[in-house]
Amino acid sequence: MSERASVLEVKHLSAHFETEQGIVRAVDDVSFSVKEGETVCVVGESGCGKSVTAMSVMGLVQTDVKGDLFFKGKNLAELSRGDLRRVRGNDLAMIFQEPMSSLNPVLTIGEQIMEPLLVHHPYSKKQARHKAIELIELVGIGRAEQIFKSYPHQLSGGMLQRIMIAIALSCDPDMLIADEPTTALDVTIQAQVLDLLRTLQEERNMSMLLITHDLGVVAEVADFVVVMYAGKVIETGTVHDIFASPKHPYTKGLLYAKPVLGNRTKKLYTIPGQVPNLVDLTPSCYFHERCEHAMDICREKMPTLKLEDRQHVACWLYEKEVKG
Amino acid sequence: MSQSPLIEVKNLKKYFTQKSSLFDRKPSPVKAVDDVTFTIEEGETFGLVGESGSGKSTIGKSLIRLHDISEGTIKYRGIDIHNKSKKEMRSLRTKMQFVFQDPFSSLNPRIRIGDALAEPLLDHGLVTKDRVRDKVKEVMEICGLPSYHIDKYPHEFSGGQRQRIGIARAMVMEPDFIVADEPVSALDVSIQAQIINLFKELQEKKNMTYLFISHDLSVVEHLCNKVGVLYLGSMMELTTRDKLYENPLHPYTKALLSAVPIPDPTKRRERIVLKGDIPNPANPPKGCKFHTRCPFTEDICLKVQPLFKEVEKGHYVACHLV
Amino acid sequence: MENIPQIPRQMEPKVEVEGSKSSLWGQVWRRFIKRKMAVVGFLFLTMIFVFSFIGPFFSPYTTMGTNPINAHQPPSSAHWLGTDHLGRDVLTRLMLAGRISLTVGLGAMVLSVSIGGILGILAGYYRGIVDQIVMRIADVLMTLPGLPLLFIMAAIMSEWRVPAEHRMYIVMIMLSLIGWPGLARLIRSQVLSLREREFMLATDALGLRDRRKLLNHLLPNVVPILIVTATLSVGGAILSESVLSYFGLGVVPPTASWGNMINAANSLIDFTNRPWLWIPPGVAIFVTVICINLLGDGLRDAIDPNMKGR
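Which chain is which? The protein sequence lines are P, V and Z, in order.
Going left to right, the first sequence walks through residues 31 to 354 as the numbering used here numbers them.
Going left to right, the second sequence walks through residues 420 to 741 as the numbering used here numbers them.
Going left to right, the third sequence walks through residues 2 to 311 as the numbering used here numbers them.
It should be emphasised that the hints constitute simulated quantities derived from the structure, not laboratory data.
There's no promise every hint is true.
Stated by the list, open to error - Here are the simulated lysine-lysine pairs, DSS-like style, with alpha carbons at most 25 angstroms apart:
(1) V:503 - Z:35
(2) Z:214 - V:480
(3) V:514 - V:624
(4) V:548 - Z:214
(5) P:297 - V:619
(6) V:673 - V:662
(7) V:673 - V:686
(8) V:571 - Z:214
(9) P:297 - V:625
(10) P:96 - P:331
(11) V:506 - Z:214
(12) P:296 - V:625
(13) Z:214 - V:514
(14) V:662 - P:297
(15) P:297 - V:624
(16) Z:214 - V:554
(17) V:554 - V:625
(18) P:65 - V:686
(19) V:506 - V:494
(20) V:619 - V:662
(21) P:296 - V:619
(22) V:728 - V:705
(23) V:429 - V:480
(24) Z:35 - V:556
(25) V:694 - P:179
(26) V:686 - P:296
(27) V:662 - P:296
(28) V:556 - V:514
(29) V:694 - V:722
(30) V:514 - V:548
(31) V:625 - V:514
(32) V:432 - V:705
(33) V:505 - Z:214
(34) V:514 - V:503
(35) V:686 - P:297
(36) V:624 - P:296
(37) V:728 - V:429
(38) V:571 - Z:35
Work the whole structure out from these sequences, hints included.
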């Protein structure tokens with residue numbers, strides 16, 4: 031694989047929330063990058079900070095976010111507010127898990143697709159309408175004229191998610207951020223939407239940041255995988271490396287815990303316990319309470335991401351001095 | 420097996436009538452469950468698979484009479500449960516229980532879990548007041564909940580633990596049949612595995628019979644001996660797990676199986692992607708309900724509803740082309 | 002996936018003692034004391050209660066002790082808030098009036114909460130005919146304008162010559178009669194939405210008896226909202242009582258209430274020249290009602306943070 035330019039670079043991103051119990055480090059020192067035309071999947075269980083990471087990139091988090099975001103080499107922090115808005119509206123687009131709640135129930139589908147076209151582009155109403163119908167057809171819905179005039183409640187979840195994708199694509203973004211786009215959908219519909227995302231991405235050489243908890247989805251679409259646990263990145267690597275030889279005990283656990291079609295083991299592998307409460311975590315490997323390999327150092331010091339074979343992993347098991 | 424099955428469902432139909440509005444003179448019933456027949460043997464795990472609108476939850480709730488049915492019979496050990504008085508049904512409830520999908524909304528937030536687990540025992544007079552706490556602790560331990568949690572409220576538990584509470588509540592009266600309605604789909608992968616294993620353990624220890632409702636074919640494969648595939652309220656295919664997963668006959672089953680993403684990037688495969696959307700259950704297609712999305716539709720499929728017939732021993736399919 | 006790891010050994014559970022009971026009300030209290038305005042309201046209310054119920058024991062005067070020679074004295078060291086037209090000590094009367102007003106407010110609240118709560122729960126749970134009857138009665142009562150209705154009832158009361166010392170109880174009943182329909186509606190709608198929740202379906206699946214479903218499952222979920230609305234309704238009841246008494250239709254002299262004390266402001270001379278007669282009871286009503294509202298809002302936020310803005 032030749033080195034491609036990175037579209038989005040996330041460096042030392044942190045998002046902390048103050049709650050009644052204390053400070054929650056939802057995202058803590060997260061770095062990764064998304065290259066041109068590449069699909070990066072952020073995987074993790076609920077509460078691991080994967081959604082907050084995506085929202086922080088889009089500037090949708092209501093707390094101060096630390097760290098640097100570079101989009102096509104430009105530091106987003108240095109842009110003026112207007113430029114920032116343009117980048118986030120035009121070049122970066124986002125789709126969410128619940129298409130129903132992201133669409134306005136009192137506006138027609140057509141009006142909602144046309145809106146960004148009219149705001150961000152010098153389209154006339156007629157042109158915008160033409161383009162909107164084109165977009166509806168692009169995401170694989172027939173009867174575009176009819177859909178254009180209908181309201182969100184008249185469409186099924188799968189259709190709405192397609193509409194959301196159409197809206198996201200309306201400004202020809204360089205990058206699409208998708209937060210659990212298929213979680214609310216049925217399996218057969220999920221297959222349709224994943225197929226659509228993949229073809230669209232290939233056709234447009236668009237980069238994609240996909241947030242998901244489903245390893246099946248990751249294996250289907252990802253090029254590069256970022257595994258998160260309790261607000262931290264614990265392992266990164268290409269999809270083939272991660273699935274063929276997971277390094278971190280948590281990644282291993284996730285892979286073995288999932289029942290797989292055609293593979294009937296008597297008992298499923300389980301990771302004991304649950305994700306720790308993110309409030310007042312002491313410096314340690316946050317996974318140590320659930321880890322079968324936990325050593326003394328895991329309870330005292332937080333491991334950092336280090337290169338191991340071709341993956342990066344944050345685990346004391348792979349630190350030379352500890353091993354020796 | 421010579422004895423009669425534990426659960427026998429015959430021609431079950433459940434129609435929901437929509438309230439007719441002023442302008443709509445003819446209220447059309449939604450056929451949530453449309454003529455479904457199957458049996459569950461003792462000690463078996465029967466998997467009911469389907470997408471949204473397939474009526475799988477409605478069947479599950481009918482089976483323990485959480486609502487009334489429109490037509491057909493449901494027998495538990497030969498007893499027609501929808502023909503029993505409220506009082507007789509109440510005592511039958513100790514034998515058949517339900518595990519809900521959402522462990523957050525199915526537990527009363529203002530009741531300590533010890534009390535939540537004790538009340539069915541006390542209300543049915545199964546255990547005396549001075550013994551009840553020990554019994555509750557015992558069930559909690561069986562379900563993998565440390566018994567020192569007995570005085571806590573639901574909100575103090577994580578999703579996986581709450582689902583354990585839900586299972587413990589269903590288990591506490593020592594029923595022999597449990598309907599589990601998508602019990603793992605709200606849980607994270609690592610927790611899902613814990614709960615699936617718990618279901619298996621309980622079955623081995625207590626010889627439980629389950630009706631396991633799920634949309635996740637890989638979970639069903641892991642847990643069930645017999646599987647029924649539902650689509651828009653009708654059974655499309657029904658057979659043993661091995662036959663279904665190795666030799667699916669109905670085009671819908673095939674598509675469903677191929678739509679499941681496999682967590683192995685080397686096996687990115689050509690899958691059968693069904694066109695179109697799931698039709699509205701209030702207005703299902705005529706003929707074979709699946710014809711609007713089926714890749715092999717023929718003329719007969721548009722007109723005649725296929726019979727649910729046994730194509731080989733123990734393998735039932737509703738399709739003209741098989 | 003060559004080396005599938007073994008199922009890990011059971012993790013050592015953290016040692017936790019069984020008796021570690023947590024209580025929902027403890028949490029409510031912790032959230033409550035974080036809300037400053039509500040705590041201020043609560044403290045002031047406590048002071049008003051102490052003032053009204055314990056204060057009179059420290060007063061050298063009695064409410065009935067008329068002394069025409071001492072009439073219309075401005076505030077002095079002997080009479081801190083002066084005296085009224087019969088020479089009675091205004092401070093003492095203010096305290097005793099507080100007893101009456103607070104009792105009427107609380108009593109009316111308890112009555113309307115019991116009627117409204119019980120009827121609301123029954124209507125919401127059983128629906129059908131029970132619901133129809135209860136709600137139609139409530140509708141009728143709610144369509145009648147409250148204040149004129151109270152005036153008419155008070156006029157009837159005067160006609161029947163109800164003795165002054167009993168009038169306070171009649172006022173309570175009157176206030177609760179117009180107060181319960183709103184409460185019943187609120188509770189009914191709560192119960193209607195609660196009974197559709199999955200945990201109520203779970204009680205069906207468990208085959209629990211109706212009594213247990215109502216008392217153990219529905220009631221505890223209704224109590225928080227009941228407490229909040231009940232608290233807020235005390236303020237309203239105190240205000241209504243004052244209005245009635247001001248017009249001489251509620252609690253009548255010689256029994257003092259804050260409302261009938263303000264009646265002094267009726268005369269222009271008293272209003273302009275003797276402000277000590279009407280300012281203290283006015284301030285008392287004002288402060289009490291504000292404090293009750295602050296307390297109620299604080300309780301609402303503390304009991305159920307999601308209820309905000311309802």
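Comparing the hints with the structure gives:
no.	hint	in the structure
1	V:503 - Z:35	violated (55 angstroms)
2	Z:214 - V:480	holds (19 angstroms)
3	V:514 - V:624	holds (16 angstroms)
4	V:548 - Z:214	holds (19 angstroms)
5	P:297 - V:619	holds (8 angstroms)
6	V:673 - V:662	holds (12 angstroms)
7	V:673 - V:686	holds (17 angstroms)
8	V:571 - Z:214	holds (20 angstroms)
9	P:297 - V:625	holds (17 angstroms)
10	P:96 - P:331	holds (23 angstroms)
11	V:506 - Z:214	holds (16 angstroms)
12	P:296 - V:625	holds (18 angstroms)
13	Z:214 - V:514	holds (20 angstroms)
14	V:662 - P:297	holds (21 angstroms)
15	P:297 - V:624	holds (15 angstroms)
16	Z:214 - V:554	holds (22 angstroms)
17	V:554 - V:625	holds (16 angstroms)
18	P:65 - V:686	holds (24 angstroms)
19	V:506 - V:494	holds (17 angstroms)
20	V:619 - V:662	holds (21 angstroms)
21	P:296 - V:619	holds (9 angstroms)
22	V:728 - V:705	holds (19 angstroms)
23	V:429 - V:480	holds (15 angstroms)
24	Z:35 - V:556	violated (37 angstroms)
25	V:694 - P:179	holds (22 angstroms)
26	V:686 - P:296	holds (23 angstroms)
27	V:662 - P:296	holds (18 angstroms)
28	V:556 - V:514	holds (20 angstroms)
29	V:694 - V:722	holds (20 angstroms)
30	V:514 - V:548	holds (21 angstroms)
31	V:625 - V:514	holds (13 angstroms)
32	V:432 - V:705	holds (17 angstroms)
33	V:505 - Z:214	holds (16 angstroms)
34	V:514 - V:503	holds (15 angstroms)
35	V:686 - P:297	holds (24 angstroms)
36	V:624 - P:296	holds (15 angstroms)
37	V:728 - V:429	holds (14 angstroms)
38	V:571 - Z:35	holds (24 angstroms)
Going through the hint list in order, the structure does not satisfy hints 1 and 24.
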